[in-house]
Amino acid sequence: MSNFKAVGSRLLQLALVLWAVVTILFLMFRLMPGNPMAAYIDPTFTVEQQQQLMAQFGLDKPLWQQYLIYLGNLLQGELGQSFRYREPVGDRIWLLLPNTLILTFSSLIVAYVFGILAGAYLAWRRGSWVEQTAIPLVLTTRAMPEFWLGMVLLAIFSFSLGWFPAGGTRNPGAEYSGFLDLYTSRDFLAHLALPAATLAIYSQGLPLLLMRSNMLDVMKEDFVTMARIKGLSNWTVVVRHAARNALLPVMTSFAIAVGYQLQGNVVVESVFSWPGLGRELVNAVASSDYPLAQGAFLMIALVVIFMNLLADMLYAFLDPRISHA
Amino acid sequence: MPEIAVPTMARSRRANIFARMFRALKLPTNDPFAVAGLLIYLVFIITAIFADSIATHDPNEILYTPAYDLAADLRPGQEGFVMGTTSLGRDVFSQLVYGSRSALLIGITAAFMVALIGSVIGLVAGYFGRWVDTVLMRLADIAFGIPFLPFVIVLAAFLKPSIWNVVIAMALVLWRDTARVIRSQVLTLRSRGYVEAARVAGSSHFKIILRHIAPNILPLSFLYGSIAIGWAILTEASISFLGFGDPDSISWGYMLQDAFASQALAKQAYYWFVPPGVCIILVVSAGFFITRGYENLLFPKLGR
Amino acid sequence: MTESLLSVRDPLLSVRDLRVSYQVGRNFVHAVDGASFDVPKGSITGLVGESGCGKTTIARALTRVMADNASISGGQILFDGKDLAKIPEREMNALRWRDIAFVPQSAMNSLDPVYTVEYQLGEVLRRRGGLDRRQARARCEELFEMVGIDPGRLTDYPHQFSGGMRQRVAIALALALNPKLIIADEPVTALDVIVQRQILDQLKELQERLGLSVILVTHDISVVAYICDRTVVMYAGKVAESGTMQATLTAPSHPYSMGLRNAFPDLQSAAAGILTPIEGAPPNLANPPAGCRFKQRCPFALDLCGAEPPVIEVAPGHPVLCHRAKESAALRIDAARTETWMASA
Chain E
47 MSNFKAVGSR LLQLALVLWA VVTILFLMFR LMPGNPMAAY IDPTFTVEQQ
97 QQLMAQFGLD KPLWQQYLIY LGNLLQGELG QSFRYREPVG DRIWLLLPNT
147 LILTFSSLIV AYVFGILAGA YLAWRRGSWV EQTAIPLVLT TRAMPEFWLG
197 MVLLAIFSFS LGWFPAGGTR NPGAEYSGFL DLYTSRDFLA HLALPAATLA
247 IYSQGLPLLL MRSNMLDVMK EDFVTMARIK GLSNWTVVVR HAARNALLPV
297 MTSFAIAVGY QLQGNVVVES VFSWPGLGRE LVNAVASSDY PLAQGAFLMI
347 ALVVIFMNLL ADMLYAFLDP RISHA
Chain Z
3 MPEIAVPTMA RSRRANIFAR MFRALKLPTN DPFAVAGLLI YLVFIITAIF
53 ADSIATHDPN EILYTPAYDL AADLRPGQEG FVMGTTSLGR DVFSQLVYGS
103 RSALLIGITA AFMVALIGSV IGLVAGYFGR WVDTVLMRLA DIAFGIPFLP
153 FVIVLAAFLK PSIWNVVIAM ALVLWRDTAR VIRSQVLTLR SRGYVEAARV
203 AGSSHFKIIL RHIAPNILPL SFLYGSIAIG WAILTEASIS FLGFGDPDSI
253 SWGYMLQDAF ASQALAKQAY YWFVPPGVCI ILVVSAGFFI TRGYENLLFP
303 KLGR
Chain R
987 MTESLLSVRD PLLSVRDLRV SYQVGRNFVH AVDGASFDVP KGSITGLVGE
1037 SGCGKTTIAR ALTRVMADNA SISGGQILFD GKDLAKIPER EMNALRWRDI
1087 AFVPQSAMNS LDPVYTVEYQ LGEVLRRRGG LDRRQARARC EELFEMVGID
1137 PGRLTDYPHQ FSGGMRQRVA IALALALNPK LIIADEPVTA LDVIVQRQIL
1187 DQLKELQERL GLSVILVTHD ISVVAYICDR TVVMYAGKVA ESGTMQATLT
1237 APSHPYSMGL RNAFPDLQSA AAGILTPIEG APPNLANPPA GCRFKQRCPF
1287 ALDLCGAEPP VIEVAPGHPV LCHRAKESAA LRIDAARTET WMASA
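Chains as they are written, first to last, in the numbering used here: chain E, 47 to 371; chain Z, 3 to 306; chain R, 987 to 1331.
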């Protein structure tokens, strides 16, 4: 019963956050200098196009009516026309979203696998010189600007050594028959390597530090001592009991990290000319393509909000103390 | 950041608030990393203050060689430029020196605002509870739903690009982490005997907050403030790198953007784009080290 | 201390002059400082004393799973023809749980929260007992029935049980591999009195039915009186007195045991007398006083107590670590009066 109530209030909270973010977005794009109509209408549009858009977004009406129309449009998935591409913003975003998600998830999975193993190892070797040097080193990777790391990797591995291509998702002229064909090609993976490595190096610190401190805490728990008194092997004690418990919060942090990563993508995608949402957002803002900027922002916000929710749910699901209450 | 366990600080009720605040702010001088961090800060602060005398050139000036050629893309040491020049003939070393100014300015002001706003909101929410708490914490939820960097980019681009707009944009979002932690700390403080006693005795809210709660909150605010310094410097670098920074000030992020746009990578001009990155890493990790030392000082349990 | 003084015929476990120390900074704290006692087969031996007297340290030393800064610095733990203080870790690990099992104080913290109880029982049965999945399942049900829990609850997680039930699970876990010795470290301390009694009854019933040998560590002398056959009274890292429960509790010969008996209500007779605490606190083990360690709190202390006390056998199998052990009959009469203990404070 209380479970239902908890889920209900969580969903209500989700709805509130969604509404608030959408409203902030609306106000933000009305804040910009000049004519509010500029948000939707490019001066180079034909008079006919301009009038059609005026009607669609109610730009001749008072602000509160525009707001209602805006909400109505959003509910129908209507995000307007991109100025630069002369095509619906929604289409453009759906085209770019997979690139961003692939980059985000591939780098985070690498970062988490490495971070969890290394964090558990460092907890085990606590106090050793390995740990003494590794921790400041990890903190240093957290202090790097991601785009700068990307630049250094590009300069070394692409421009100097020529091992990897400098940007984009595929070689010029390369054609692929479909989605899967492209994303599993050597060409694509070679393009993915450097940006994914950049993000992975930056992201591994969070799971690593989290896993390490959790392990140190769990190793002091009575049930770990009991596992030793039971004569279980060191491996069983450390992996099945200590690591399994320490892993809980790390797993939930993955969802939150996806949200953070998406924001970091904005710069890294720009460095590697990776055609994703982040780079599109930057380009759209820079070239005053307001509908596209708004759409890209909204999409990123949606993923962030969804991931925050997922983190909560994942925790409840993975921890029997909550799921079997 | 993992949520930080709530420490127990206050013992004596009558102790001078100022003395306690000072003690609370005591710097972690027995942790070698924290000391290294403090030294790095010191070096950069001195550099920022005396930038005019340390820099060898005007960072914006287009320079020429004695032979009246544009001093473009010179390697370190060539024609007396310590760290080389940019493609437009500007001195890398001088830009680096002046870059410390905007980094520290942004870092410290943004951190101050984040800590201030976050602490006040956390304090008010935790102390007054009820609907005030609900409203403020829902606001925090909303702030957590806003993608930070995109938000700063859009605001920085729409408002006039300036350092202050970047700082404001950051403060508008980043108060959330501090507020949540401070709130939970206030909740535990509020239930302590001496706060209850002060309430029953009829002390005003203002007095209770100032005398009993604020001194215990201060170290946490300071901790979160010092974390925010790093965030702010990294964010400013990203914003400048993307071209939405303050056009009137030289920052490390701007240098990196300039280098990137001028094909410094293809030209293998490491002397140009490595130093600004290293400076950022130094300042930000110095903040981390101080924070860590500070955390060990505040919460000895966590450190081990 | 000679063998004859401690004679229990054919003991299962003999602890001889055991020393366990904790390293604190550069100092060593001798939490157990030369303890000797025997544990006979097929009975319950109570290890009793105030907190900090070293009883839990001994219990853990017997398993050789100790705090990082603790180590056995001397003495012998003779068990099954081996000296557990000396055998290599491999050999010790082979013997853990199969021969020596453990019932912890708080089953809540000692059961892994993310696995079902069946998994945790099965883990021991399969990994340590060599049973296959089907055999393990059958044994799990058998064990649950033994400790009086519905086998249908095997698939529950630890947090879904009540405190008393969890303690029963911990007992089932200890019985899993039919160990020769079960060490129970304050097994009922965290429970309320009614549940305490149920668990103790259960333990006694199982002990009698299965012929178990148990070491029961407790601070509560009424628990000892309720189910133990033998008693080992510890004070400040040393064994003050040991013997049959009857001998040590109805006719205690060490002044500390006499005081301890006054300080606890009697579980068996409803006629509870006035409880008299022993004033003062045990000595700091980082820097223990010379001679008898109880002398500062002892109402019968004399000048000679400044010297190291001898072990005196007041009856066969009943050694006492006290200069005045021979006068114990007279001291007991004084000790029964509350004023005796007030005066010393």
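A couple of the hints might just be wrong.
Rough simulated footprint, nothing fancy, chain Z against chain E, three-plus residues with beta-carbon under 8 angstroms [what the hints assert, rightly or not]:
| no. | segment |
| --- | --- |
| 1 | 60-69 |
| 2 | 121-127 |
| 3 | 233-244 |
| 4 | 313-319 |
| 5 | 347-361 |
Covered stretches of chain E (in silico footprint by chain R; criterion: 3 or more residues with CB under 8 angstroms from a CB of chain R, positions within the stretch not fixed) [stated by the list, open to error]:
| no. | segment |
| --- | --- |
| 6 | 164-177 |
| 7 | 267-274 |
| 8 | 277-283 |
Since the hints were derived computationally from the structure, they do not count as laboratory data.
C-beta atoms are modelled at their ideal positions from N, C-alpha and C, and glycine is treated no differently.
Status of each hint after checking the structure:
no., hint, verdict
1, 60-69, "holds (count 5)"
2, 121-127, "violated (count 0)"
3, 233-244, "violated (count 0)"
4, 313-319, "holds (count 3)"
5, 347-361, "holds (count 4)"
6, 164-177, "violated (count 0)"
7, 267-274, "holds (count 7)"
8, 277-283, "holds (count 4)"
The structure fails to meet hints 2, 3 and 6 from the earlier list, while all remaining hints are met.
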